[in-house]
Amino acid sequence: MSFKYPVVMPKMSMTMETGELLLFHVKVGDQVKSGDVLFEVMTDKIDMEVEAPADGVIETLVGNPGDVIEIGKPVLIMLTETEVMAFDFGGDAAAPVAAAPVAEPVAAPAPVAPIVPAPVAPTPPPVAPVITPPPVAPVAAPIIVNTSVKAVPKARVEAANRGIDLRTVHPTGPDRTITFSDVNSAQLDPAVLKRQAANKALIAKGIEMTRGIAQASFNRRANANFDHAQLISAWAKVLRGRPDLAAHQHIGVSLIIESKYGSALPVFRDPDLINIDQLRALVTTTSDAAKNGKVPIAMLSGGTTTIFDLTSYSMSSATPLLFPNQVTSLTIGYDSESTKNISLTIDLNFCDFYDGALLLDALIASL
Amino acid sequence: MSDRMLTMAEAVREAMSIAFDERPEVFLLGEDVGIYGGAFGVSGDMYHRYGSERVLDTPIAELGIVGAAVGAALSGMRPIVEIQFSDFTAQAMDQIANQAAKIHFMLGGALHVPMVLRTPQGSGTGAAAQHSQNLEPWFASVPGLKVVVPSNPADAKGLLLASIDDPNPVIFLEHKLLYKIPGRDPVPEGAERIPLGVAKVVREGKDLTIVATGIMVNKSYEVCEKLAAEGISITLIDPRTISPLDMQPVYESVEKTGRLMVVQEGPAHAGFINEVIAQMAGSSSFGSLIAPIKRLAGMNIPIPYAPQLEKAAVPQIEDIEAAAREIVKNWR
Chain A
1 MSFKYPVVMP KMSMTMETGE LLLFHVKVGD QVKSGDVLFE VMTDKIDMEV EAPADGVIET
61 LVGNPGDVIE IGKPVLIMLT ETEVMAFDFG GDAAAPVAAA PVAEPVAAPA PVAPIVPAPV
121 APTPPPVAPV ITPPPVAPVA APIIVNTSVK AVPKARVEAA NRGIDLRTVH PTGPDRTITF
181 SDVNSAQLDP AVLKRQAANK ALIAKGIEMT RGIAQASFNR RANANFDHAQ LISAWAKVLR
241 GRPDLAAHQH IGVSLIIESK YGSALPVFRD PDLINIDQLR ALVTTTSDAA KNGKVPIAML
301 SGGTTTIFDL TSYSMSSATP LLFPNQVTSL TIGYDSESTK NISLTIDLNF CDFYDGALLL
361 DALIASL
Chain B
368 MSDRMLTMAE AVREAMSIAF DERPEVFLLG EDVGIYGGAF GVSGDMYHRY GSERVLDTPI
428 AELGIVGAAV GAALSGMRPI VEIQFSDFTA QAMDQIANQA AKIHFMLGGA LHVPMVLRTP
488 QGSGTGAAAQ HSQNLEPWFA SVPGLKVVVP SNPADAKGLL LASIDDPNPV IFLEHKLLYK
548 IPGRDPVPEG AERIPLGVAK VVREGKDLTI VATGIMVNKS YEVCEKLAAE GISITLIDPR
608 TISPLDMQPV YESVEKTGRL MVVQEGPAHA GFINEVIAQM AGSSSFGSLI APIKRLAGMN
668 IPIPYAPQLE KAAVPQIEDI EAAAREIVKN WR
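Here the protein sequences line up with chains A and B, keeping their order. The working numbering numbers the first residue of the first sequence as 1 and each following residue consecutively. The working numbering numbers the first residue of the second sequence as 368 and each following residue consecutively.
In short, the hints are calculated from the structure, not lab data. One or more hints might be untrue.
Capping the alpha-carbon separation at 20 Å, the derived lysine to any residue pairs in SDA-like fashion look like this [stated by the list, open to error]: (1) Lys-623/B - Pro-153/A; (2) Lys-623/B - Leu-367/A; (3) Lys-150/A - Gly-654/B; (4) Lys-623/B - Ser-366/A; (5) Lys-661/B - Asp-175/A; (6) Lys-573/B - Ser-181/A; (7) Lys-150/A - Lys-661/B; (8) Lys-696/B - Ala-558/B; (9) Lys-696/B - Ser-181/A; (10) Lys-661/B - Thr-177/A; (11) Lys-150/A - Arg-699/B; (12) Lys-237/A - Asp-355/A; (13) Lys-573/B - Pro-153/A.
So here's chain A without its partners, still in its complex pose (with noise of 0.2 Å):
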């Protein structure tokens, strides 16, 4: 199957905002390689040739010589038989939407708007010569020479809840064994820092991914033995190893609380970080203060995440759409006099089924 790849208007400095479209080196239905030279650009500072990201056929020629064009836009369509991976956010600021079929590729604004690159993605400056790199070819996986990492048990199971990648730890153990602190010590993968980097730029952009269809639920039993300052810190606590899931730079557990006056969704801020009696004082004071109908305004932006409690109408569980922007929400329902009920509902656009299993798992061993 032939997918559209625009090839649009690169960025090739900090300050282009715009580029001019000199001439073309093809015409429609030419037959190109990867590595051919399809146009030439003008910008301020660099006149650029710019290349065939992969082999293909030259559908359709969106600008002419001359035109002005804004980053981003598609400056022509080509056909490709190489698949790109929807979600391989490569290194490269063009790559990662390109894949995604272009329906109406003259008229409508281009979802190619290029994604800026994280500082710690390993992607190449942007100024650098080449502008868009082949996505048949995405910018390699850190170097991992080890397949087989020796850690010790404990070092696993952290890894495992932090969603780190043992292969990317330096050990300093014994025979050089991953300890413990290593990982403790160990920065994110840097496969998820990239894909944590791509999923803000998406909600950045507010690019709906078939948002309420792709989402899954999770359900496990628990404990009763928690109260909801525990619960919010815990979570905090858990999605706080998973800043890959956060498109935000701080953790916002949005708390519902039912009043005569309707539902209020008081957020508590980063609650991991604070002492839990301090947070339990404040849960409970806003809680209270919310059943009147008063919750502080401040406390009613910066959500990321929310949790229903459905104890009280003992109902076991529910599946909540996710609210905008939020990549994960829990429900408490009853079970039994000493046992809850759990369940995560996740944006499978952000994360797939496993992370969701992974996330409750780490949620109620930390109950």
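Once you've looked at the hints, dock chain B against the given chain A.
Chain B only, in chain A's frame:
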């Protein structure tokens, strides 16, 4: 609270005497347990206090001694057998492993064998290879036997009383080097039992968990004291009963310390303490380990006669200390 500091020999004698007084069906039999007072003086004056009907000197015939005890147990008595050296149980193994351990099960539970077989084990006396073995795994690997390894006089007393009460055959392994030393803790008066199958947390720490049996508990304790002064705090666990084995305190401790070291006197290969490692490796506490499990055990050789070599063949305090220091230093 008593402050009586007894030796293990005295504590064992006291337990036997209490059982003699409580139950007329309890009696002691073995080589030289009567007039001579026992090869290591454990029965002492019991022959004179209880007479030749209850403290029986036997011929040198271990198979016959244990066979007689099994028969007596089947007919309602509660015999305590003393075998002079645990090495000699090899002679009596058919009665121990094939008869005592199995009769209850092979007769559909109709009969049981409430026998206690006490025997001294271990090296350190210059008695060479045939009188110095630690044979814990021999017994621990036979279903139907309970196996008790006391590490101090107070435990020996309470555990022996519980062993005599127990309807199953119990192998009670006493370390020769502990017979003459007073324990750290006083031995309580009275007849209080210490239940079989309950481990003892001897001391608690946060950096390392040591599980040790018999005399190795004492050696490890000294290491704990010494390293505590350097800021290394160690939890020491004495299983006390190696069959059945109480692992719960070990799991709980390892979940806190993340490091486990096991110490036994017997040879490493297929030794009892390996069971502790195996159960830990298969447990949900495995994920708490931040260090490989360290095993200190005897060498896989017959115990040498030469004193220096005899000492080198089993873990000593210095070995335990070095290993404990290393595991805490290397694994963080």
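- Query: Hints broken by the structure, by number, lowest first?
  - Reply: 8
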